[in-house]
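Two independent chains are provided; combine them into the complex using the hints.
Chains as they are written, first to last, in the working numbering: chain C, 1 to 323; chain H, 1 to 306.
Quick caveat, the hints were computed from the structure, so don't treat them as lab data.
Mixed in with the good hints there might be a few duds.
To be clear about the criterion: a stretch of chain C counts as covered by chain H if any three or more of its residues have a C-beta under 8 Å from a C-beta of chain H, and this derived list gives those stretches [claimed, not checked]:
hint, segment
1, 45 to 57
2, 136 to 145
3, 293 to 302
Example chain C residues on the side facing chain H (calculated, C-beta under 7 Å, incomplete) [stated by the list, open to error]:
hint, residue
4, Leu10
5, Ile13
6, Val15
7, Ile22
8, Pro31
9, Arg285
We treat Cβ as the ideally placed atom computed from N, Cα and C, and that holds for glycine.
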Amino acid sequence: MRRYIAQRLLTSIPVIIIVGIITFSLLYIAPGDPAAIIGGDEATPEQLEEIRHQLGFDKPYHVQLGRWGSRMIHGDLGTSIFSKREITMLIRPRIQPTVSLGIQIIIVSSLLGVSLGMLAAWKAGAKLDRALMVFAVIGFATPGFWLAFLLIWGFAVNLNWFPVIGYAPVDISSLGAFGRTLPSHLHSMFLPVLVNSVLASAFISRITRSAMLEVLREDYVRTARAKGLSEIRVFLRHAFRPAAIPIVTVIGGSLAGLATGLVVTERIFAIPGLGRMLVEAIARRDYPIIQGLLMLASTTFITINLAVDILYAYVDPRVRYGG
Amino acid sequence: MSTTTRNAPLYMAPTFQERVQRAYRGTVHVLRREPTVLIGAVILLIMASMAIFGTFITRTDYTRVDPINRLIGPGVQHWFGTDTAGRDVFDRTIAGARLSLMIGFAVTLITTMIGTVVALIVGYSRLLDNVVMRFVDGLLAFPSILLALALIALMPNSGIRNVIIALSVTGTAGKIRLVRGAVLTLRETAYVDAARGMGARVPRILMVHIAPNTLNLIIVQATFTLASTILAEASLSFLGAGTPEYIPSWGNIVATGQGYVQVAFWISFFPGLFLTATVLAVVLIGDALRDYLDPKLRGRLERSTQ
Numbered sequence: 001m002r003r004y005i006a007q008r009l010l011t012s013i014p015v016i017i018i019v020g021i022i023t024f025s026l027l028y029i030a031p032g033d034p035a036a037i038i039g040g041d042e043a044t045p046e047q048l049e050e051i052r053h054q055l056g057f058d059k060p061y062h063v064q065l066g067r068w069g070s071r072m073i074h075g076d077l078g079t080s081i082f083s084k085r086e087i088t089m090l091i092r093p094r095i096q097p098t099v100s101l102g103i104q105i106i107i108v109s110s111l112l113g114v115s116l117g118m119l120a121a122w123k124a125g126a127k128l129d130r131a132l133m134v135f136a137v138i139g140f141a142t143p144g145f146w147l148a149f150l151l152i153w154g155f156a157v158n159l160n161w162f163p164v165i166g167y168a169p170v171d172i173s174s175l176g177a178f179g180r181t182l183p184s185h186l187h188s189m190f191l192p193v194l195v196n197s198v199l200a201s202a203f204i205s206r207i208t209r210s211a212m213l214e215v216l217r218e219d220y221v222r223t224a225r226a227k228g229l230s231e232i233r234v235f236l237r238h239a240f241r242p243a244a245i246p247i248v249t250v251i252g253g254s255l256a257g258l259a260t261g262l263v264v265t266e267r268i269f270a271i272p273g274l275g276r277m278l279v280e281a282i283a284r285r286d287y288p289i290i291q292g293l294l295m296l297a298s299t300t301f302i303t304i305n306l307a308v309d310i311l312y313a314y315v316d317p318r319v320r321y322g323g
Numbered sequence: 001m002s003t004t005t006r007n008a009p010l011y012m013a014p015t016f017q018e019r020v021q022r023a024y025r026g027t028v029h030v031l032r033r034e035p036t037v038l039i040g041a042v043i044l045l046i047m048a049s050m051a052i053f054g055t056f057i058t059r060t061d062y063t064r065v066d067p068i069n070r071l072i073g074p075g076v077q078h079w080f081g082t083d084t085a086g087r088d089v090f091d092r093t094i095a096g097a098r099l100s101l102m103i104g105f106a107v108t109l110i111t112t113m114i115g116t117v118v119a120l121i122v123g124y125s126r127l128l129d130n131v132v133m134r135f136v137d138g139l140l141a142f143p144s145i146l147l148a149l150a151l152i153a154l155m156p157n158s159g160i161r162n163v164i165i166a167l168s169v170t171g172t173a174g175k176i177r178l179v180r181g182a183v184l185t186l187r188e189t190a191y192v193d194a195a196r197g198m199g200a201r202v203p204r205i206l207m208v209h210i211a212p213n214t215l216n217l218i219i220v221q222a223t224f225t226l227a228s229t230i231l232a233e234a235s236l237s238f239l240g241a242g243t244p245e246y247i248p249s250w251g252n253i254v255a256t257g258q259g260y261v262q263v264a265f266w267i268s269f270f271p272g273l274f275l276t277a278t279v280l281a282v283v284l285i286g287d288a289l290r291d292y293l294d295p296k297l298r299g300r301l302e303r304s305t306q
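The following block holds chain H by itself, in its conformation from the complex (with noise of 0.2 Å):
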């Protein structure tokens, strides 16, 4: 191994048919290692088909309002039952689907990128780290929860817009931190310097040598973000300020369904129940993930449970 690698070129950017065929058998080798990632995938496939092809399966409109069927338990015309207005629950909760994962995947995005992309920059700037950091430090002083309800509450109208904006904000904060610590270590790597010796502008440094190797941790964050931003877009929804109460989310319809406990609690239980096994689904694939792209922490788990 390390005389082909002696004697080949410095640097060899791997072909697309690389690429695939190292995705396809790290695909393989961690569903071999991890079976319950297998698990968290179905989960996460069958919401998200629901969430797109949601208004094939549903058999009515989920606002429409039958207040003669309202209260009706799950069974055959309404697996889920129905709830105070005689809205179907099971096609609320497909509707939930498509909400709560298209928040989630909109709010992982937006601070992925912008957090990256600051994290990278200060991370190689003093002057804008002692400015950026200090900032960023405030925001994570606030528990996230409430930082995101004072900005909701201060946004004018209310609507999805307003959730994913206020999400990110408090996302992005914790982005740029843990982004930026990768960064700080690599700048210091023998490699870096290598490069800096051989002229490298800081742009190349950024691009080529430190953004790749924070890619793994990244995506591992990433799937934590997701999971976190699905709880909390619900939780907010829960508290009636996040979705708004004519756009149904698991959160909002958890809500309305926790004053009927006593007689109907199929309204709150199934969306609950969706909302868990999706981000348990979530949770699952970025668990494996972790532990397939962070072979120390791999190497840790290995000998732990000897």
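Bound conformation, chain C alone (with noise of 0.2 Å):
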């Protein structure tokens, strides 16, 4: 098992150095001078010069990506062209935002997603599961923001039940403050998750469902079958896990793709996160904070298929001594 942790962390390290890499080498080749940015448009040539000299601009591209990546590795994003602040200073309080979101559509995707996909395999070919798979394939073709602004049409503007947009921060600095706050601040990403998450689900309940009939059929079900256990027995303890670890590992892959669905809704439901701080930075081309941000999101993805890499491993012997 330690073999396979180690090898697996092994592996990953080159890709987060390539990540790094293509980061660096995208602002590096994108047109205009960041000096001049930087300097503004009062800047004589000469301060222009001391600004490029004071920021490594005037040195060959390895040196540069040299000194980047060591900044990068000891945790500095570097400083905002636009607001001239550090960008670790920045992030910090939009992260509770992302994170919540994150957790939140997960859980709830997660869920809504394994059950339906559970019952559409329950009931296999029945008009139930192809009404199932009709919203699994509805679930893939719409994009989010039309999702939001149905949703928003209906429960905020016509019902009235949720606010249209805004956001209540969670205090984590207190239970008590935890406690007081989690109503309001649910109440507000209430809408912000339900969209990611059916549209998730509808993803998820396909995998699901192709996971559990493909375990339906090994023979130690039918056993359990001809066993005399009920059905939910069967379904629940012999059908459901094996299949849950396929179903986890893909979960884990997809996540990625919810960076889409956070980047989106944030924006639609005014979510002071950090995909609207990457949309406010590419709107002003504040290019560190596009840097840091990518750097941040795309390790942040790496780590957790590892995470799942290594749990999957864990639960099941074959990936840990297979080649």
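See the structure below:
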């Protein structure tokens, strides 16, 4: 097991390095003189030269890459061009909304998707199964921003159940404060979570259904049935547990797809998270922020996938010993 | 069956007539098995004809601003109502269809062609494989929308070309990985060994024995690329980073209507509906194609729905 973890860790390091090289190079080749952006319009050529020298823009590519890389490793994401503040400081208040949204979406969509998928597998071939699979296809085709629009129109405007937009933060400084702020937080997050969970669960239910059908054909399932176990018991104990492994892998692998949902919903519902920060940075062409967020997002997803793989190996010995 | 193939020459290319017959039979077969594909085909056909003949259906210029008639609801005069500047939403939606399909097909074509060629080459050269695949793995480690956003941000000006480039870069990486996987499997097959044993050179093996066998996979994958590209373009435009505002795109029309959800739902409703219907149509066709072209999966589906 330890060997597998070490091996898996070693293979993800080069990926992170390549990700870093790509991120750096993208903006290295980007048109426009960063010194001119930082210096502003009034900067004289001498001042620009000074800025270039100070920030190392006059150094060759590999030197700049090396410096940038070592800054990244030390957790220094650089300084925003627009606000002149450190990016790590700018990111800090943005983490909570995005992480909270992400976690809620993962929980709700997994519960919803797995139960719908199991239901479809249970009734395989019947009307309910077909209806659920129609839902899965429609869910794949529906753009998140349009579903969000429909839900805002229906629930927030016509029924007035939820705020149209706005974000109520949750206070995690103490347990009491957490308890007090949680209801309003969940209320403000209801529609954003719903939009993404409905769409993500469409995909998860499809995966769950096919994984369940695969397992239900196994001999031991037939044995369990022959033993006279109730269908529910066969489903939950004998079929779901082995089926859960591929389901978890697929959910883990599809988390990167969550990024689209986060960026789009944060914009629609005016949630002050990282996705919104990125969109704002892009509108202002604040390259260091874009670079920093790209690195942050990709390393986060690489780490999550790594964790899922290790978890997978922990649960399923075949992965550990197989090639 | 087996006796005839044994006596037949090793390989006989189907004549043109046979190809047409096969395609026809295949189409009929798919339609009979999967009636949903008909729904998909009809929707896509409507969208495509609107995109192509749009200028004949629309009654106004979609850029024409008419402030007196702003925010008028759907009716006889303006089927889908008018937006905040009095522009006809129906006309803009149709213009959006043109843009969506154009970008969708362009990106699908580019990614499929480049992806397949690169995959065929790297699948057969261990050295290139190591270099290219590390790079591809790096590209795939980014959430694709974020990479596309960053690419768009660093390109000068704004425009449709940037959207196509950004989505092509992010799409090609996945395509390379997918087709390369198939190439690696195929090169281990007995018939490739046989061809190599008979002295066939690498280009011939690639073109005659491997490339044709990846075709089914590529076709099916292309439909999903088309669907996801249309969605991605809409998302980028919705975020204000894709198609510039002066060109109507389903994404940016929905974005303009978003702030008017209380007074004018129609601005966002109709373009979003068209977008969803188009993607749905492409996905339905792709699903049916996959079931038809991938017999292994087809068998599984049959068993599962007993």
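Practice item. Please write out, lowest number first, the hints stated earlier that are contradicted by the structure. Key: 1, 4, 5
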